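> Could you put the whole structure together from the sequences, leaning on the hints where they help?
Sequence lines, in order, name chains B and P. Quick note, the first sequence lines up with residues 1112 to 1579 if you use the numbering used here. Quick note, the second sequence lines up with residues 14 to 220 if you use the numbering used here.
None of these hints come from the bench; they were simulated from the model. As the structure is a prediction and not an experimental result, all values here were calculated from the model. Don't be surprised by glycine CBs; every beta carbon is placed ideally from N, CA and C. Keep in mind that the hints are not guaranteed to be accurate.
[To be verified] The calculated BS3-like cross-link candidates involving lysine-lysine, where the alpha carbons are at most 30 Å apart (straight line), are:
1. Lys1276/B to Lys1120/B
2. Lys131/P to Lys141/P
3. Lys1120/B to Lys1274/B
4. Lys1428/B to Lys141/P
5. Lys131/P to Lys1276/B
6. Lys1115/B to Lys1276/B
7. Lys131/P to Lys1428/B
8. Lys1203/B to Lys1192/B
9. Lys15/P to Lys1274/B
10. Lys1115/B to Lys1274/B
[What the hints assert, rightly or not] Just a few of them, taken from the derived set where beta-carbon distance is under 8 Å, the chain B residues facing chain P:
11. Val1147
12. Thr1148
13. Val1190
14. Gln1231
15. Ser1241
16. Ser1259
17. Pro1362
18. Arg1550
Residue-level listing of the chains:
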Amino acid sequence: MAGKTLYEKLWDSHVVAAPEGEPTLLYIDLHLVHEVTSPQAFDGLRLNDRRVRRPDRTLATADHNVPTDPLSTPISDPVSKRQLEALDENCKEFGITVFPRGHENQGIVHVIGPELGVTQPGMTIVCGDSHTSTHGALGSLAFGIGTSEVEHVLATQTLPQQKSKTMSVSIEGSPPANVSAKDIVLAIVGRLGTGGGAGYVIEYRGEAIRSLSMEGRMTVCNMSIEAGARAGLVAVDETTIDYLRGRPGVPQGDEFDVAAERWRTYVSDDDAHFDQEITLDAAELVPFVTWGTNPAQVVALDGVVPSPDDVHDSDEKSTVQRALEYMDLAPGTPLRSIPVDVVFIGSCTNSRIEDLRAAASVVRGSQVHHGVRALVVPGSRRVKTQAEAEGLDQVFLDAGFEWREPGCSMCLGMNSDILTPGQRCASTSNRNFEGRQGRGGRTHLVSPVVAAATAIMGRFASPSEVSA
Amino acid sequence: MKPVHVLEGRGVPLERSDVDTDQIIPSDWLKRVERTGFGRGLFSEWRDDTNFVLNQAQFAGATILLAGPRFGTGSSREHAVWALMDYGFDAIIAPSFGDIFRNNSSKQGLVTVQLSVKDVEDLNELVKDDPARLLVIDVERLSVEVPDAGWHRAFVLDPMIRERLLGGWDDIGISLRREDAITRYETMSVTPNLVGVFDDAGHARSR
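Given below as C-alpha cells:
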C-alpha cells in the first residue's frame, strides 16, 4: 500500500465522523478570528442561542480594518470603529482572547499565529480569510472559510468537508541569489493560473523550498489561494522546529521535545502518491512583477508588458486587453521604464521581520524617489518592536518611508491607506485585482527587495540598481 | 435558509472572466456588521458606467447572472454572496467558480450552476437576443432550460449542496447531531489548546 501524503495524514487525524454519502466532519484545532468576517457569525450564534464550543481553541485580533495611524489618533471612520468595537464586545461575551488595536500581540492574523507559536504542525486551522493558507508553512492544514462557516466552527469546532485532491509542486535546485520566496510563488501562480489549483491542496517541495526560512515558506503558502488552491503545505523539518522553540504558544522544556517528535511525523511518506505533480527548475527563476489584474499575470522584472497577440485563446485575449486598459500599459513597454506613485511594504505575504530586514538593507543610505509615497506597515506589533530594536524603523524613516502601525493596511484598502484613482503601486501584497488597493488604483505585486529598490528609483528596479 | 427547488427568471450576461470577490463587493463595504444592505455595493466599481450591463433597462429585474470562467475567486468574503442575493440574484451560471465562493453560496441558498464555456456563451446570446426570455433552473433534476428556445442542459452539483438546497438545511444543526462524536474526538486529541498561554488581558504568560 502506498504511503500517505502530508495532507492525508492531517486529514485522517482530524476525522470526527465520516458518514456514508455525506461530507466528512473534520475537527478544527485552532480558529482565528478577525473583525471583518465575524460580526454576522456572532449574531447568528445569539439568534440561535448557541455558545462558542471551544473559546480555548479560538483567538481573535483586529487587523483588516484597523487604522495604521499613530495609536494616539482616534479612529475617524465611525463604521470601522463600530466593527472593531463589535469584535471586542463579541469576544468578551463569548470568552475569547482578543488582541485589539494597540495590544502587544495585535497584528495581521496570519503573522501573529506563527509568531506566537499558536500555529503548530499537525493542526487544522481555519479563519474567515482566504490567506489562512499561510499557516500551512508549519505543516498544518489551514484554509480560509466564509462567515457561515465561521459561525459553524464557533458553534461546533468542526466543519463538514470534502477531501481535496493533492498536488506536489516541487522547486528543484537552488534559485539565483536575487530570487526571493515571493518570486518563487509568483512563478508558481503564473504557471498554474488563477484556477489551476482549484480543488487541490498543494504541497511545496524540493530543495528551493527546504532551504527557505519559515518566513519565506509562509510567503509561498500564503499565495496558494491565488492559484485557486485553498491550502498550501510544507513538510515539517528542523527549520520548523527551530522556529517554534521558545514561542509563547508551544510547550516548554522537555514537553517541547515530546511535541517536536510528534511534529516530525508531519511529512509526506517517500512512496506517497499525489494526484498531480509539477516541477519547476529553481535555476530558471528570476525576480517577477505582475503586470495585470490577476496574480497569474506575471512577467520578469527584466521583461516587457505582454501583448494580447501573445495569446491565442479569444477569451484570454480579451482578458489581457482588459487588464492592459485598466493598468494603462502598452504592450512591449519594459517593466523597468514604468514609473510608480506608491510603494507598499506590508501584508500577510511580506511583512515579517525578515521581509523588513531585506527591504531595509536595500534602502539604507538612499532616498525615496521624489514624488513617490512609500509606506512600511509591519505585520504585527511584535514585528514592529523587533524592527525598532534593530534600528530598521530609522533606516526607513531616514530614507523617506512612512513607518506605520501594524495591520492589513493597503493590501486591501479597508482603512484610509488607499490608492487614489490612477495611482500605480509596487506592492508586496498578494492581489492585484482591479480596485483592490483603492478605486481605480493599479497594483503590481513584487518582492520586498524589488519594492524597496522601486521606491528609491521611482520605477520598477532591482536592488543592484540602487547600489550602482 | 429557505429550500430551493426550481428557479425561474430572466438572465443578464456579465461576459467577464476572473471576476473576483473584490469586484463583486469592494472592501470598503466590508466594514459593516450587518448581513443586509450589500446589494447597493454589488459591482460598485462598474455601476457608474451607464453601459454596464446591470444598468441596461432591458436587463432590470434579472435574477440569474451569467458570468465567465473563475467567477468569485480571491477573498473569502461571504459579503459577495450577500451582495448578489440582496441585489436580487438567485443563481449564477458560469464555467467555473472560486472554491470558497461556491461554498459560501451553498450556505446561503445562492445556486451556482456550472456549464461549459460554450453553453454559457449560448445562453448569453439567447438572453441578448430576447432579454425577456425566461430561464429555468431545476435543482431537483439538475437542469437548465430556456423553454421558448427549446434549449436544455444538464449540470452537475455536489450531491451535498443539492441536498442542502432542496432541504433548506441548517448545517450547524446537522453537525450538532454528532455532538457525541465531537466530544469523543476531543477527549482523545493531544493537540494543545490555548489554556494557560495568555492571561485575561491577552498577555503571553511566561511558562
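> None of the hints should be skipped; say for each whether it holds.
Status of each hint after checking the structure:
1. Lys1276/B to Lys1120/B: Judged against 30 Å, a Cα distance of about 13 Å means the pair holds.
2. Lys131/P to Lys141/P: 15 Å, holds
3. Lys1120/B to Lys1274/B: 12 Å, holds
4. Lys1428/B to Lys141/P: With a Cα-Cα distance of about 22 Å, the restraint between Lys1428/B and Lys141/P holds, given a limit of 30 Å.
5. Lys131/P to Lys1276/B: 27 Å, holds
6. Lys1115/B to Lys1276/B: Distance of about 13 Å is within 30 Å: holds.
7. Lys131/P to Lys1428/B: 17 Å, holds
8. Lys1203/B to Lys1192/B: The hint holds at about 17 Å.
9. Lys15/P to Lys1274/B: 27 Å, holds
10. Lys1115/B to Lys1274/B: Roughly 14 Å separates the two Cα atoms, so the pair holds.
11. Val1147: 5 Å, holds
12. Thr1148: Check passed: Cβ of Thr1148/B comes within 7 Å of chain P, closer than 8 Å.
13. Val1190: 4 Å, holds
14. Gln1231: Holds, because the Cβ-Cβ distance from Gln1231/B to chain P comes to roughly 7 Å (cut-off 8 Å).
15. Ser1241: At about 4 Å, which falls below the 8 Å cut-off, the nearest Cβ of chain P leaves the hint on Ser1241/B intact, so it holds.
16. Ser1259: Hint on Ser1259/B: holds, closest Cβ of chain P at ~4 Å, below 8 Å.
17. Pro1362: Pro1362/B check passes; min Cβ-Cβ to chain P is 7 Å, inside 8 Å.
18. Arg1550: 6 Å, holds
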